[in-house]
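Student: Given the sequences, and given the hints that come with them, work out the whole structure.
Going down the list, the protein sequences come from chains A and B. Quick note: the first sequence, position 226, residue 225 per numbering that gives the first Met the number 0, numbers continuous. Quick note: the second sequence, position 432, residue 431 per numbering that gives the first Met the number 0, numbers continuous.
Note that these hints are calculated values from the structure, not bench results. Every residue gets a Cβ at the ideal spot worked out from N, C-alpha and C, and that includes glycine. Do not rely on the hints blindly, as some may be mistaken.
[Stated by the list, open to error] Below are the SDA-like pairs computed for lysine to any residue, each with C-alpha atoms no more than 20 Å apart in a straight line:
1. 91(A) / 305(B)
2. 91(A) / 387(B)
3. 2(A) / 76(A)
4. 91(A) / 391(B)
5. 353(B) / 311(B)
6. 91(A) / 364(B)
7. 91(A) / 386(B)
8. 25(A) / 189(A)
[As the list claims (entries may be wrong)] Some chain B residues flagged as far from chain A (calculated, every beta-carbon gap over 10 Å):
9. 149
10. 370
11. 403
12. 425
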Amino acid sequence: MLKIQNLSKTYPNGTQALKNVSFDVKDGEFLVVIGLSGSGKSTLLRCINRLIEPTEGKIFWDDVDITAAPPAELRRIRRKIGMVFQQFNLVKRSSVMTNVLSGRLGYVNPWTSLLGIWAQEDKQRALQALDRVGIADKAYSRADALSGGQQQRVGIARALMQDPKLILADEPVASLDPVLSHSILQYLEGLNKEGITVICSLHFLDLVHRYATRVVALKDGVKVFEGSAKEIDRAKFKEIYGEEAQEVRAASL
Amino acid sequence: MSNETATRRPVVRSGVASFFVPGLGQFLLGERYRGVGILLGFLVILATVIWYGKPLWYASPILIWLWNVWDAISLAGGRARSILLPLFFGLAAAYGIGWQVVEIDFSKANMDRALAILRPMTRPDFIQPRREVNQMWVPVQVPCSSQPPAARREDAGRVATVIPDCGGVGETLIVNVTGMWANAETSIFWQNPIGNPLMLGEGEISMLTLTTDENGSLTTTIRVPSTALVAAPDPTLPQFHRVYFEQYRPAGGYELSFIGGEVLKGALATISMALMATGLAMLFAVPLSFLAARNLMSGNPVTYAVYVIVRTLLNILRSIESLIIAIIFVVIVGLGPFAGMLALALHSVAALGKLYSEVIEGIDPGPIEAIRATGANWLQVVRYAVIPQIIPPFTAFTIYRWDINVRSATVIGLVGGGGIGFLLIELIRVNNMRGVSAVFIAIAVIVIVLDYVSAKLRERLV
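Tutor: Shown next, in the form of structure tokens:
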């Protein structure tokens with residue numbers, strides 16, 4: 000159970016990205032966060048694992064206050080939270096294998112990891128993770144030699160290495176074409192079915208309808224909606240995205 | 000009548016105004032930029048001509064001034080004159096004076112002298128036919144002591160004698176050698192006790208060369224050279240000098256000439272100098288580059304101040320040519336490759352520091368947040384997200400710098416920084432153009448090969 004209470008974030012330049020946002024995420028949910036670009040979705044996700052320090056508010060995960068965790072404990076919390084990014088955020092010049100193994104950094108001995116030495120067990124686990132996302136044959140390619148869809152699968156494999164209880168996915172399919180979008184989201188859905196909680200930000204309404212068990216909508220940093228995906232009809236959509244918005248259907252592209 | 004005065008008055012007024020102050024007439028007619036432009040142009044040309052002081056060039060400002068009056072009058076009549084004419088007068092003066100200041104004089108081109116230098120350059124002194132030497136010497140006492148030992152020496156079947164056994168400066172001696180190669184050209188020269196050769200030919204400025212007979216013998220007379228005792232601490236003290244006989248014959252094949260060997264040594268010194276300088280510079284540039292990276296240092300005012308200071312220092316250092324730094328280091332540590340290396344290193348610290356810091360500024364923050372999100376600590380983030388991004392471009396820039404340093408090192412040698420450049424300036428001083436040519440070729444080969452190698456290496460890294 001993840002409880003987000005009165006979360007606010009003001010950036011040093013004065014931008015208020017989040018304003019007093021509160022909601023709960025139950026274990027095993029596939030929670031989708033929607034909202035325009037700049038509505039605070041990315042900030043919200045990054046506050047959960049404190050890649051961005053929230054200005055105010057608290058986040059409890061199984062009654063542990065993430066926002067108050069000292070550095071060492073924060074790292075222990077982070078290693079249980081996998082993260083998938085819009086731009087994949089792979090180290091492009093490193094091999095796929097190294098990228099996937101780096102998901103294990105929170106668990107291994109820091110000193111041997113600095114030398115680039117990995118236990119056989121971790122390598123085995125990395126190959127299994129790659130096999131699971133269907134690109135085991137690319138293990139020793141350079142990450143930037145892969146296509147966008149393949150790179151995102153490496154990103155998922157890296158998150159899998161963390162043995163996560165929660166996955167944060169920040170617009171995981173925004174850089175991919177619609178067909179690939181479904182394939183990536185299906186991997187996340189599969190993980191969700193195994194009991195991993197997923198918090199995912201998305202843009203396309205039909206993807207939201209297809210995958211979300213619950214939806215939170217942000218507008219200018221304020222939570223404007225919380226409920227099931229079915230409740231988001233055209234009118235609600237316009238309310239969240241503004242009058243100008245035209246719904247784009249991923250499947251029709 | 001009134002109509003006529005209405006048109007004439009501005010004509011006269013602007014003509015007179017521009018006569019006294021160029022551009023004033025135009026200015027008063029409302030053409031302000033034109034007026035100011037004419038005045039400034041006129042003053043600049045006038046000042047230049049006055050500074051140069053040759054009366055001929057006064058024509059230019061005078062013509063511009065005349066044009067200006069004409070233009071002012073025409074302008075009053077509603078028609079501007081083309082600006083091309085005064086522009087031409089001004090440029091003519093500028094180029095004319097420029098020509099004279101640069102002292103362009105094609106009659107100075109001396110083709111005979113040019114050919115005297117270029118002709119030997121077509122035969123670079125790098126390799127020479129291998130040859131065997133047959134050398135023999137005999138000691139002679141100069142000046143005579145009361146009991147001079149016999150001036151006779153035997154060695155490997157060859158016998159050399161001098162009669163009499165000793166002599167004073169300018170005295171005639173009969174020298175004889177037997178057992179040398181038959182019918183072979185033989186050089187005969189004097190060597191003083193400290194090992195300096197002295198020539199025995201006409202006027203003591205040419206080599207005495209004779210040919211042995213069919214038995215390998217020759218006999219001739221020589222004079223004890225006038226400079227034989229110049230280096231002696233006490234000219235009255237008898238000392239042993241030597242008379243040398245030298246024969247050469249081809250031994251087949253080629254060998255590296257003496258200059259060729261020096262060229263190779265110089266090339267090696269230059270490349271090593273650049274390598275050491277680049278390595279040393281890298282050691283300092285890597286930590287400095289982190290301090291000079293805006294994205295890392297703009298967090299708080301203290302680090303930002305450090306950033307500004309480091310950046311400024313690097314920029315100042317980079318703007319000083321390594322040639323000038325080399326001159327200073329030659330004074331501090333003396334002539335030689337060490338001074339050149341230090342100069343190159345100092346300049347490279349600044350250059351590499353800037354290049355590295357730009358790499359750091361340009362790294363993708365995405366992988367950093369991804370690795371942080373896995374629960375990695377700070378060192379692990381650096382190792383897995385930062386280093387993989389910066390190592391290849393750092394290496395590429397370092398190789399590139401090495402390449403540049405090799406070129407600079409050749410030039411730095413000219414001011415005493417050692418290496419092949421130093422050899423070059425020495426050879427130019429003694430007018431050894433065949434050696435100079437060998438050095439040129441060596442430099443070209445080094446630069447071309449290194450350019451190619453470094454480009455290929457960088458291609459793989461980036």
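Student: Against this structure, judge whether each hint is valid.
Tutor: Structure-based check of each hint:
As the CA atoms of residue 91(A) and residue 305(B) are separated by approximately 31 Å, the hinted pair breaks the 20 Å bound. Distance restraint check for residue 91(A) and residue 387(B): the Cα-Cα separation of roughly 9 Å lies within the 20 Å cut-off, and the hinted pair is therefore satisfied. Distance hint between residue 2(A) and residue 76(A) is fulfilled; the C-alpha atoms sit about 15 Å from each other, no more than 20 Å. A C-alpha spacing of about 12 Å is found between residue 91(A) and residue 391(B), which places the hinted pair at or below 20 Å, so the restraint holds.
With a CA separation close to 10 Å, the supplied pair residue 353(B) and residue 311(B) stays within the 20 Å bound. For the suggested pair residue 91(A) and residue 364(B), the alpha carbons sit about 12 Å apart, so the restraint of at most 20 Å is met. The suggested pairing of residue 91(A) with residue 386(B) holds, with an alpha-carbon distance near 12 Å, which does not exceed 20 Å. For the proposed pair residue 25(A) and residue 189(A), the alpha carbon gap of about 17 Å is at most 20 Å, so the pair holds.
Even its closest Cβ contact with chain A, about 79 Å, leaves residue 149(B) beyond 10 Å, as expected for a residue assigned away from the interface. Consistency note on residue 370(B): stated as away from chain A, yet its beta-carbon is not over 10 Å from all of that chain's, at 6 Å minimum. No Cβ of chain A comes within 10 Å of the Cβ of residue 403(B); the nearest lies about 25 Å off, and the non-interface call holds. Annotated as non-interface, residue 425(B) keeps its C-beta farther than 10 Å from every C-beta of chain A; the closest such distance is 47 Å.
Against the hints set out earlier in the document, violations occur for numbers 1, 10.
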